[in-house]
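Enquirer: Sequence:
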Amino acid sequence: MKVLLTGATGFVGRGILETFAAIPGLRLAVAVRSRLPGEFPGVEVHSIDGLNATQDWASALAGVDVVVHAAARVHVMRETAGDPLAEFRAVNVEGTLNLARQAAAAGVRRFIFISSIKVNGESTPPGRPFHAEDRPAPA
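The numbering used here puts the first residue of the sequence shown at 1288, with every later residue one more than the last.
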């Protein structure tokens, strides 16, 4: 089985990368904008411009059975975008849709989309955690 992992340089993605890289027989590819955090022999690395609506994923998706999508625009500490909400949507919505559509067209059988608790919003009433049944309210 061949897996393509996005977001391998991020907090969650790096943990997935380390776990998957240790699985014997698993063919692992990663799509990154920058260098991998460490040495991972046997991992196929695809450099991408970014998670956006125009990225061509054809080479990264070649022969892939499963996409594990952990890439996203998160935690911008020094925001420089004129319209931060539009930037988040361009990456996290349009970029993800582009990847998912190309994965489907390439015959990828599974698309695992990892998000975060932030999809539910900024806070809950005191003493009440988020639940799976809650309506998403990311913005």
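Source of the hints: derived by calculation from the structure; they are not laboratory data.
We put the beta carbon where it would ideally sit given N, CA and C, even for glycine.
Among the hints, erroneous ones may be present.
Per label pair, the in silico range of CB-to-CB distance [as the list claims (entries may be wrong)]:
| id | residue 1 | residue 2 | range |
| --- | --- | --- | --- |
| 1 | 1421 | 1343 | 45 to 55 Å |
| 2 | 1370 | 1343 | 38 to 48 Å |
| 3 | 1371 | 1400 | 17 to 27 Å |
| 4 | 1396 | 1337 | 38 to 48 Å |
| 5 | 1411 | 1367 | 24 to 34 Å |
| 6 | 1298 | 1374 | 18 to 28 Å |
| 7 | 1360 | 1422 | 36 to 46 Å |
| 8 | 1414 | 1341 | 41 to 51 Å |
| 9 | 1328 | 1350 | 31 to 41 Å |
| 10 | 1289 | 1343 | 12 to 22 Å |
| 11 | 1306 | 1398 | 17 to 27 Å |
Think about it this way: if two alpha-carbon atoms lie no more than 16 Å apart in a straight line, the pair counts; the simulated EDC-like pairs of lysine to aspartate or glutamate are [unchecked claim]:
| id | residue 1 | residue 2 |
| --- | --- | --- |
| 12 | 1289 | 1352 |
| 13 | 1405 | 1420 |
| 14 | 1405 | 1421 |
| 15 | 1289 | 1331 |
Enquirer: Decide, hint by hint, whether the structure agrees.
Expert: Structure-based check of all given hints:
Between residue 1421 and residue 1343, the C-beta spacing of about 36 Å breaks the proposed range 45 to 55 Å. Between residue 1370 and residue 1343 the beta carbon distance is about 25 Å. The supplied range of 38 to 48 Å is therefore violated. The hinted window of 17 to 27 Å between residue 1371 and residue 1400 holds, with their beta carbons roughly 22 Å apart. A hinted range of 38 to 48 Å is violated for the C-beta pair residue 1396 and residue 1337, which are about 25 Å apart.
Checked against the given bound of 24 to 34 Å, the beta carbons of residue 1411 and residue 1367, roughly 31 Å apart, stay inside it. Under the hint 18 to 28 Å, the C-beta atoms of residue 1298 and residue 1374, about 19 Å apart, fit the expected range. For the pair residue 1360 and residue 1422, the supplied restraint of 36 to 46 Å is violated, since their beta-carbon distance comes to about 22 Å. The beta-carbon spacing between residue 1414 and residue 1341, approximately 45 Å, falls within the hinted interval of 41 to 51 Å.
In this structure the hint that residue 1328 and residue 1350 lie 31 to 41 Å apart at CB is violated, the actual value being about 19 Å. At about 19 Å, the beta-carbon gap between residue 1289 and residue 1343 stays in the expected band of 12 to 22 Å. Taking 17 to 27 Å as the suggested C-beta distance range, the pair residue 1306 and residue 1398 conforms, at roughly 19 Å. Between residue 1289 and residue 1352, the direct Cα distance comes to roughly 5 Å. Compliance with the 16 Å bound is thereby established for this hinted pair.
For the hint linking residue 1405 to residue 1420, the alpha-carbon distance of about 15 Å falls within 16 Å, and the restraint holds. Annotation: proposed proximity of residue 1405 to residue 1421 holds, straight-line Cα distance about 12 Å (limit 16 Å). Taking the CA atoms of residue 1289 and residue 1331, the gap is about 10 Å. The hint holds against a cut of 16 Å.
Hint compliance for this structure: hints 1, 2, 4, 7, 9 are broken, all remaining hints hold.
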